[in-house]
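Enquirer: Given chain U, put chain V in place with the hints provided.
What follows is the residue order along each chain.
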Amino acid sequence: MVNPNLNKDDSISLWQLFAILENSILGTGLLNIAKTVSKVSGQNAWISTLLAGLIIIPFLWCYSSLSRRFPGHTLVDYSTKIVGKLLGNMANISYISFEILIAALVLRIMADFISTWFLPNTPIESLLIITLFLVIYMSQGGIRTIARTSEIILFLVAPFIILLIPPATRIEINNLKPVLQSGYVSIIKGSIPALYAFYGFEVLFIASAFISDTKKIFRTSATCISINVVFYTLVVIAIIGVMGTEILKYINYPTIYYIKSERFPFFERVDLFFAFFWTFNIFMTIGIAFYSAVLGISQLLSLKPKYGRNVGWILAIAVYFIAKTPKNSIEVTTYIQYISYIGIAVAILMPAILAIVATIRHIDVKDGGNV
Amino acid sequence: MPIKVIKRKKNKSDKVNTPTSSAMIAPTATSLYNKLEDNISLFSALFSDCSDVIFRRFQIGKDNPLLAAIIYVDGLVNRQSVDLEIMEPLMYFTRIDQKDTMSNIDIEIIKQLNITVGEIKEDQNVMSIVNAILSGDTAMFIDNFPIALILNSRGWENRGIQEPTTENVIRGPKEGFTETVRFNTALLRRRIKDPKLKIKGFKLGKRTKTDVVIAYMDDIVNKTLLQEVEKRLNTIDTDAIFESGYIEQFIEDSPFSPFPQMQTTERPDKVAGNLLEGRVAILVDGTPMALIAPATFAQLYQSPEDYYERAIFGTAVRLIRLLGLFLATSLPSFYVAVLTYHHEMIPTQLVLALARSRMGVPFPAILEALLMEGVIEILREATTRLPGTIGQTIGIIGTLVIGQAAVAAKLVSPAMIIIVAITAIGAYITPNYSTTYSIRFIRFPLMLAAAFFGVFGIAAMWLFIIIHLAGLESFGIPYLAPVAPLKLSDIKDTIVRLPLWAMKKRPMIPENRNLIRQGSSTVASSRRRTKW
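These protein sequence lines map, in sequence, to chains U and V.
The opening residue of the first sequence carries number 1 in this note's numbering; numbering runs sequentially from there.
The opening residue of the second sequence carries number 1 in this note's numbering; numbering runs sequentially from there.
Excised from the complex, chain U in its bound form (with noise of 0.2 Å):
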């Protein structure tokens, strides 16, 4: 039963999980869900980060279903044993990508936001490079780590939602109507980029591993999502009841300006404070997608752990050059396009294809072999 690879005294409790659930999810999606949903359904884009989020909450059974089949085991572990050698590769490889793809992409939207907001004059490069080092650092401690990490960022973050609520007051009902007007198709469409602001559950096919009480992840992650869906929901309300659909197309990370509409006395640029604390929050969605990289690459290639923990300094250099390939903001945007209809795939489809395979031929653990 117990994982070979995985160190065993590496437990966490599902408090940890939904932390790291939280904190996976939250992060860059939040500044610009706004901007990318309302341009495809425009003032209905709420509706669509609704639907979003129902979409995703039924999939959580896969991942929950997966890891109740093979508890203690990651997706590296199990899916060769569903699928097959070839099939379960390519699945493993497909996700390891995906998190390298996210954690790239997520470290170029920080760096870009940082530059803009806070130091227009230093190159991205050395914010890429300083974030890398923390990254790889905070991988080498291992899941507890993270965990607990999580939960601090978690508890200082939290607070801070608070300014999302004043300017709320000045919401005007007109920027929200007509209802449906869009129609079905572009508020279905426009679900799909909403679904990057919720990209980060996937880390469920890692952290579920860690978790002795398998029979309650889904009633954690389901809730993780429920309160992010009530919450991303909210917002774009709120920003396009401020702000309306139209001057979201001139601006990059709304969710900023949004705050920024708001005058608190003597705090002048409450906005700035708030994008401070969020870095944390977005630090950690790369920090958790590499740490899964890193812990997905050293099992493929079924690594000790003292050297897995070092595959990170290799990976870091694929993940710079990776963040450095959008030329500008512009195509960072177009990049997460594509990664919204990848995790359609990896996060969405492949749990649900492993755990109906599994379902079918009846494997579990106990017909794992050496698993």
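If you're looking for bench data, these hints aren't it; they were derived computationally from the structure.
Please note: incorrect hints may appear among the correct ones.
Said to hold, decoys possible - Some chain U residues flagged as far from chain V (calculated, every beta-carbon gap over 10 Å):
#  : residue
1  : 68
2  : 88
3  : 125
4  : 161
5  : 163
6  : 257
7  : 301
8  : 303
9  : 337
10 : 353
11 : 362
12 : 365
To be verified - Going by beta-carbon spacing under 7 Å, a handful of chain U positions derived as facing chain V:
#  : residue
13 : 15
14 : 114
15 : 117
16 : 119
17 : 138
18 : 151
19 : 152
20 : 219
21 : 272
22 : 279
Backbone N, C-alpha and C fix where the C-beta goes; we use that ideal spot for every residue, glycine too.
Expert: Chain V only, in chain U's frame:
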């Protein structure tokens, strides 16, 4: 009685050494000789050129005297005790029956001699006798017995129990530990009158042979933790243990972390409180500083006084300490970051005020900050080393010169002086002295990060610290517990401090075996239900 050198072939199985000539008495012998004079020469060889070791020969009893000698270290023994409780009764009042000749007196009779000393042990091993003598015991040798009686006559000049110098409280006991480990264990016993309080002794340091004791509550402490502490103590292989810091360095989990992974305290009430939460205390002879393992980050911000004062203020003070921690570490770096990169982050009026105060200052913000923080560290270090009387004077002169003259000379801005003052004071808000080092020196990398990357640098540095703290463990206990990993039931005594009657259970961290601290029917909680 003349020395009789008995010529007998040395029997190896015989534990008693019998030298063929006095030349064979080597200081390397491991067990005692039969003859008193041989033993005396053995020990005088061992203690050659040790003028503080006193050899005293005397006779036991008057009528049929036995030859005896005592060895002790002058200054380590209570002279009165040696004179009046060991020698006087033996010389004047001990009667040995006529029929008890040398040959048939056995060890039992010896042990029942008139010695009015509380603790008597017998010993045959030369090295352990030497250790006992050097620890302040008196060793007594009697002719024809290859055995030494170790009489506890310890008593040396020591500092009395005084108010702790590093951890002052306004309300609470003013007793602090002293340099003598026995007094310290007595202070613990006086607080916990329970036979379950175990005090286990070790001797560490090959040359210093320092007495080290670990104290724990037998029915509360987690046995794995206890075994781990003992195991780590037993791995210490060193010449000298002078202070509990030596032990700390040998047994801590991450030696290169800037954060202390054990609590150091000189307050017996703090140690007693921690023992009752299932921790293990390590007390070292020669230092008033006791170690408590395991430690968590939250604990370093707790003072015993939090529990003595009203719960609301206990909580308030803890929040203030957290604020102090934040200001002491990050205020100068925010100053640097804001002035260098992000003028827009602070209100316009404040920016203008800062700009006006910096008018004419030739240094960039980072140099100004490094300069002032560096100077304040120098001043602080110097005032600790300065002799008491001039320390005050120099301190005042130093602050005046730096505060007034530097501003007047336009070398630094007045705003910087305020920030330096806040950080200097804020670093001492922690009740644990070792932690002040961490706080004081973390702010330098933070300032540099702020100078290079503004608030992003601060965020990155903080993340680095948070990740580091999240990875730290002290004897298997996560350093950031009970916040990360979250133990909701322990929050009651972490950031907040609930009233004592609300803390019915011991904290879950460290894991302990006896969770219930008090019943549900304490006076306070029953009073709560009473309708007035």
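Enquirer: Of the numbered hints stated earlier in the document, which are not met by this structure?
Expert: Hint check: 15 and 20 fail, others pass.
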